[in-house]
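Input sequences plus hints: build the corresponding full structure.
Yeah, the sequence shown ends on 913 if you go by the numbering used here, and it's all consecutive.
It is worth saying that the hints were derived from the structure and are not from the lab.
Every residue, glycine too, gets a C-beta built ideally from N, C-alpha and C.
One thing to keep in mind: the hints can contain errors.
Stated by the list, open to error - Ranges of calculated distance between the beta carbons of each label pair, as one might list FRET restraints:
#1 R257 - R708: 45 to 51 Å
#2 I130 - R708: 43 to 49 Å
#3 G578 - G641: 32 to 38 Å
#4 F551 - M418: 40 to 46 Å
#5 R150 - G663: 51 to 57 Å
#6 A333 - R150: 51 to 57 Å
#7 A875 - E147: 26 to 32 Å
#8 F551 - R150: 50 to 56 Å
#9 A333 - M418: 41 to 47 Å
Claimed, not checked - Lysine-lysine pairs mimicking DSSO-like chemistry, simulated, CA-CA at most 30 Å apart:
#10 K807 - K730
#11 K853 - K887
#12 K887 - K642
#13 K673 - K817
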Amino acid sequence: MSEESLPQNFSRHPLAWLAAYFTLGVTCRHFIETGLVVPFAVAIFLATLAAVLPRVSKFLLPLSFVLLGMIALQSEISSISENRVRRIYDEGRIASHEPVAVEGVVIGSLELANDGIFILVAAEKLRFKSEESSVTGRIRLFVPLSDSQAADGFQELDVHAGSKIRAFCRLDREEEFQNPGVPSRVSMLDSQGIDAKATLKSPLLIENVGGLPTWTPGDWIYRRRHALIGDFQRSFSPQTAGVLIASLLGDKHFLDGRTADVFRDGGTFHVLVISGLHITFIGGLAVWIVSLFSRRRSLQFTIAAIFLWAYTIAVGADVPVVRASLMFTVLLFSHIFERHGSQLNAFGACVLMLLVWRPSDLFTPSFQLTVVSVCSIVACAFPIVEKLRAIGRWMPTSEEPFPPNVPDKLRRFCELLYWNETVWKMENSRRIWSANLFKRSGLRFWMATNVQTLTAYLFEGAIVSLIVQIWMLPVVIIYFHRVSAASILLNLWVGFFLAAESFAGVFAVLVSKASYWLAAPLVELTEFFNAAMMSVPAWLSDLGYAGFRLPAYSGVGRCVYILYGIAVALAARRVLAWRPFDLRNGTWRLSITVAPVAVMMLGMIIILHPLSAPGPDGKLRIHFLDVGQGDSALVVFPDGETMLIDGGGKPDLRAADDGSGFFPDTPRIGEAVVSEFLWEQGYSRIDYLVATHADADHMQGLSDVAKNFHINEVLVGSTPSGDPEYDDLMRVAAQHQIPVKATHRGDKFSIAGVTLNILNPRTNADSGSANNSSVVLKIEYGLKSFLMTGDIEKGSEQNLVDGGCEGLDVDVVKVPHHGSRTSSTDAFVKCTQPLISIISVGRRSRFGHPHAEVVERWLSAGAKVFRTGEKGTITIETDGDSLETRTFLP
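If you want it as structure tokens, here you go:
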């Protein structure tokens, strides 16, 4: 039945529409507190009304699904019992990091990591102090295995899926960095179905108290997975092994940080982790292999589905992988049983099932990326490709006797890709009538050399990649602040070489079981494919052409994303409605052009973000960020210029020291905290970076900021040679052509009426320590002043005091060295006499900062003390006459 012949009140995609209404209901409940009674009562009323008045049922059905969406999310929220681990910690019955004993059953595969192992436990009992209670919920434990003794000790425990264990640990369920724009760690745990996590100091803190002694298929699959991880590690370089383990086995913990960064820059990181792309490839490969032996579609579907779900279980059955497998299974069922016209309908069924299963997933980045990408392919990319194929392959038939009603250039382009002269001759010879079609003479050579097929594949891959990128633009900007035009082609490059690398790698491991000598060429081939795959993305990344970073709109400005989504949906609707062979459709050019133009204009507003940054308001504003054990403060001047003083950071405590050059892909403070905050504020440019000194918890994050933002100038105090953090910042500055200026005591400059005086370090003075070489900056605006002190200690404090207290009398002090007792001497505190003291320190400092006597010293001087670990971002602003203080947390 054609689209035109459908009844007016009939939709070819009813489940897609119902999924949209259900999604609207889940969204409404997310923002509106309703409970279960009201929506449930209204749903019953509407069902009764629909039964009594059938004529209005088609209007009541959408509203009913909106209510069902509200009920689904409310039911999920209400299902969290009082003895659920997450509720126990959220309600404060047990505080994070308090010592507890957890007893439960190991579920799923043990997740191997480069320096330890992750265990997922279904908690059954929780002992806190002397009280034990029954609990529910999932807990993720990390057991470090840094040496052979620890590894042997864990091996003796014989922990596997089904084992009942008892672990003595400190559960963690709290936010770590509390700043606007920084993703919530608790929400991330919830989206993964994890209630709390903990890191154990030793395997000795685990007891195996029993469990399932019998063999299970799942346990066999998990053991084979672990064995294959070991085979990859023994056979290949750490970088190549990490790629294979991540892309084939779903374990990202062996992925090299440099490799991960290169693929993030190029917008191809999704290729390295198991996602919809991998599931589609594996499922499609399974269908193709079965089709070589049987033409029965039901058998192809059944075997492919069984293989796909076995693979899903083998790689850990994480929620995103299960989601992708479910979508592929439903869409494959729709396709393989010749329901080609209902792919969008099948997609709607997938979304409905996923939201009924876990309604709260709607608000997770993983779900949104999956749904938007699949929808873009089903609703837009595939229809465009199918219509272009139909144009290029057209030959006169009784149904379509006339050529497509499209511009000649488009028709010729499609013929170049899809016209098959051999098929036309065969079809023409079978007919009782004959016809001549005049094609360009070059088409025969084009087809004979097989260039046509390759070009068509590349074109279709590029057009699908482009459409997916267009659809996902707001999502990737909001969550990743990244745009990569190169990803349109890099996806094809990386996808091809990763597939080749995967086949070669698996084959090499299999052959190595018989002979390492025979496997050696395959190992080298695998390494070659990995190097080739990395070459182009790494080259573009080093040149800065792979992509660029940009802020997201916030507040009312986010309406632009809604408008963009509407424009994209309208464009997709026009694509679905476009009929190239309809001779009556004389206005198709206008209808199919207006929506894409709107998408392009709104896309430019999103990418260029002309209105994202706050405008100047004549006030001086300083944001003291919560970066844990570290310092970072953003100064916004009255004219809107910006200065970032330090960027936080911390030493890479999990870096390899075995000489392999492998560094794990762990989040850095400068990227995950400082940059996220700056993007949330709407900035893509920071005018000045100030590196007070070369400690990692101050300078490391500045390197990330220098990569992610346009920087006018970098100001440094001391210039230590051979320091890794300083050298890294200088390398990034040179790469991005950022001027670097050394500053010392006595330097003075003005920005928008704000005076900045450098009080430390002294020129050519031996400070005795890196901390005492910190840049000390006094900021004055009108009658108000601030003192930024870095990590200076007693020696530099005394030098400042000896220079006279007149220059140290300020309103706000950033307390030196995170409140350590090595700083904040009585003389220094009395000289400054601030109204407000800011201590930049984490909620739980591994160094015990701030020391109690230091806090008391500042309080005794009359200062109000704020800690970033307790209050999150602390913002102080002044118009030159008064001070106003705001904190991210109450």
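Tested hints:
Between R257 and R708, the C-beta spacing of about 48 Å keeps the proposed range 45 to 51 Å intact. Hint check: I130 to R708, Cβ distance near 48 Å, so the stated range 43 to 49 Å holds. Between G578 and G641 the Cβ separation comes to about 21 Å, which falls outside the hinted range of 32 to 38 Å. For the pair F551 and M418, the supplied restraint of 40 to 46 Å holds, since their beta-carbon distance comes to about 44 Å.
At about 55 Å, the CB distance of R150 to G663 agrees with the hint of 51 to 57 Å. Remark: the range hint 51 to 57 Å for A333 to R150 is contradicted by a beta-carbon distance near 38 Å. At about 40 Å, the beta-carbon gap between A875 and E147 misses the expected band of 26 to 32 Å. A hinted range of 50 to 56 Å for the beta carbons of F551 and R150 is consistent with their spacing of about 55 Å.
Distance hint check for A333 and M418: the Cβ-Cβ separation is about 44 Å, which falls inside the suggested range of 41 to 47 Å. Distance hint between K807 and K730 is unfulfilled; the C-alpha atoms sit about 33 Å from each other, more than 30 Å. For the suggested pair K853 and K887, the alpha carbons sit about 14 Å apart, so the restraint of at most 30 Å is met. For the given pair, K887 sits about 22 Å from K642 by alpha-carbon distance, which is consistent with the 30 Å threshold.
Distance hint between K673 and K817 is fulfilled; the C-alpha atoms sit about 23 Å from each other, no more than 30 Å.
Checked against the numbered hints above, the structure violates hints 3, 6, 7 and 10; every other hint is satisfied.
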